[in-house]
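Going by our numbering, the first residue of the sequence shown is number 2, and it counts up by one from there.
No lab work stands behind these hints: they were computed from the structure. Do not take every clue at face value.
Unchecked claim - In the DSS-like style, the derived pairs of lysine-lysine whose C-alpha atoms are separated by at most 25 Å in a straight line are:
#1 Lys212 <-> Lys54
#2 Lys45 <-> Lys67
#3 Lys212 <-> Lys15
#4 Lys250 <-> Lys45
#5 Lys15 <-> Lys140
#6 Lys45 <-> Lys114
#7 Lys205 <-> Lys250
#8 Lys54 <-> Lys114
#9 Lys54 <-> Lys205
#10 Lys54 <-> Lys140
#11 Lys212 <-> Lys140
#12 Lys159 <-> Lys205
#13 Lys140 <-> Lys114
#14 Lys167 <-> Lys67
#15 Lys159 <-> Lys140
#16 Lys54 <-> Lys15
#17 Lys159 <-> Lys119
#18 Lys114 <-> Lys205
#19 Lys54 <-> Lys67
#20 Lys212 <-> Lys159
#21 Lys140 <-> Lys167
#22 Lys167 <-> Lys54
#23 Lys212 <-> Lys236
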Amino acid sequence: MRPVQRARTSEMAKVGFVGLGIMGAPMAGHLIDAGHELYLYDIKPVPAELTGKGGVAAATATEVAKNADIIITMVPDTPHVAAALFGENGIAAGLTPGKIVVDMSSIAPVETKEFARKINELGCDYLDAPVSGGEVGAKAASLTIMVGGPEQAFETVKPLFEKMGKNITLVGGNGDGQTTKVANQIIVALNILAVGEALLFASKAGADPAKVRQALMGGFANSRILEVHGERMIKRTFNPGFRIELHQKDLNLALNGARQMQMSLPSTALAQQLFSACAANGGAAWDHSALVKALELLANHQVAPDA
Numbered sequence: 002m003r004p005v006q007r008a009r010t011s012e013m014a015k016v017g018f019v020g021l022g023i024m025g026a027p028m029a030g031h032l033i034d035a036g037h038e039l040y041l042y043d044i045k046p047v048p049a050e051l052t053g054k055g056g057v058a059a060a061t062a063t064e065v066a067k068n069a070d071i072i073i074t075m076v077p078d079t080p081h082v083a084a085a086l087f088g089e090n091g092i093a094a095g096l097t098p099g100k101i102v103v104d105m106s107s108i109a110p111v112e113t114k115e116f117a118r119k120i121n122e123l124g125c126d127y128l129d130a131p132v133s134g135g136e137v138g139a140k141a142a143s144l145t146i147m148v149g150g151p152e153q154a155f156e157t158v159k160p161l162f163e164k165m166g167k168n169i170t171l172v173g174g175n176g177d178g179q180t181t182k183v184a185n186q187i188i189v190a191l192n193i194l195a196v197g198e199a200l201l202f203a204s205k206a207g208a209d210p211a212k213v214r215q216a217l218m219g220g221f222a223n224s225r226i227l228e229v230h231g232e233r234m235i236k237r238t239f240n241p242g243f244r245i246e247l248h249q250k251d252l253n254l255a256l257n258g259a260r261q262m263q264m265s266l267p268s269t270a271l272a273q274q275l276f277s278a279c280a281a282n283g284g285a286a287w288d289h290s291a292l293v294k295a296l297e298l299l300a301n302h303q304v305a306p307d308a
């Protein structure tokens, strides 16, 4: 049985935000800019740019939950969400019936369903709402948001989602948002692999990879990966928008889920091995477009010289 919701609105909501890293900080900033009352917590000091705009730094996640009606988490992995929700001084300790917890991290679908059950037992709703778009999308408020959970809670939170993203979809029940994100990460990884192989092939054959990319962007091979990450590969700008180690985490979710369902994801496994080769060469914190570096090692050739 889903919890009974009290009347509330997110038009001028009291919002909690736990996790203020590369993604979370700009997302929280958009909510402050929209006029919402923000209570903020991170294991690191809350960014001064957020408190300077009116965000309130809290001492604990429990304090955030006590003050806010809608509490958003944006942290790296499943254990971090578990700690933020149910650890010492966690969100659960500050909840009262009728609040909504929204996890916008990318974590395991199975554990998500268990987190939702525990939050529901406290009389609160739970939405899993992972995002795609990386740091660029977070800063531009153009994230794709994939949501799992009850429709009434989704409609309540949707005005907040609209301040952080553009393509917002209620996919189904709890866990379905995370399943969609895992599927997204499979597609992104394999597209990065395809773009990397194509540009590397063109470069080693003697063509100008920048002009090859320009030509391909006018045809059926065009994609956001070719546009954004193809440029990164050519310009050698591998400072992280989305770190390889985080994409490894997401592909582990895919491969573990596939094993549980007794199915094979051979191309996903290949992409994961190439990410692992990058990590073995000191690249765990590189942008995931740097997967091309593993291909370059195999070819003994770079798409373009280092700047």
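Each hint, compared with the structure:
1. Lys212 <-> Lys54: 43 Å, violated
2. Lys45 <-> Lys67: Distance of about 20 Å is within 25 Å: holds.
3. Lys212 <-> Lys15: This hinted pair is violated, its Cα atoms lying about 50 Å apart.
4. Lys250 <-> Lys45: Answer holds: lysine 250 to lysine 45 is near 22 Å, not above 25 Å.
5. Lys15 <-> Lys140: 22 Å, holds
6. Lys45 <-> Lys114: 28 Å, violated
7. Lys205 <-> Lys250: 31 Å, violated
8. Lys54 <-> Lys114: 35 Å, violated
9. Lys54 <-> Lys205: 50 Å, violated
10. Lys54 <-> Lys140: 16 Å, holds
11. Lys212 <-> Lys140: 29 Å, violated
12. Lys159 <-> Lys205: Answer violated: lysine 159 to lysine 205 is near 48 Å, above 25 Å.
13. Lys140 <-> Lys114: Violated - the C-alpha atoms of lysine 114 and lysine 140 are around 29 Å apart, more than 25 Å.
14. Lys167 <-> Lys67: 29 Å, violated
15. Lys159 <-> Lys140: 18 Å, holds
16. Lys54 <-> Lys15: Holds. Lysine 54 to lysine 15 sits at ~15 Å (cutoff 25 Å).
17. Lys159 <-> Lys119: Given pair lysine 159, lysine 119 holds - Cα atoms ~23 Å apart, limit 25 Å.
18. Lys114 <-> Lys205: This hinted pair is violated, its Cα atoms lying about 48 Å apart.
19. Lys54 <-> Lys67: 21 Å, holds
20. Lys212 <-> Lys159: Violated, at about 41 Å.
21. Lys140 <-> Lys167: The given pair, whose Cα atoms are some 12 Å apart, holds under the 25 Å limit.
22. Lys167 <-> Lys54: 23 Å, holds
23. Lys212 <-> Lys236: Roughly 13 Å between the alpha carbons, so the hint for lysine 212 and lysine 236 holds.
Checked against the numbered hints above, the structure breaks hints 1, 3, 6, 7, 8, 9, 11, 12, 13, 14, 18 and 20 and satisfies the rest.
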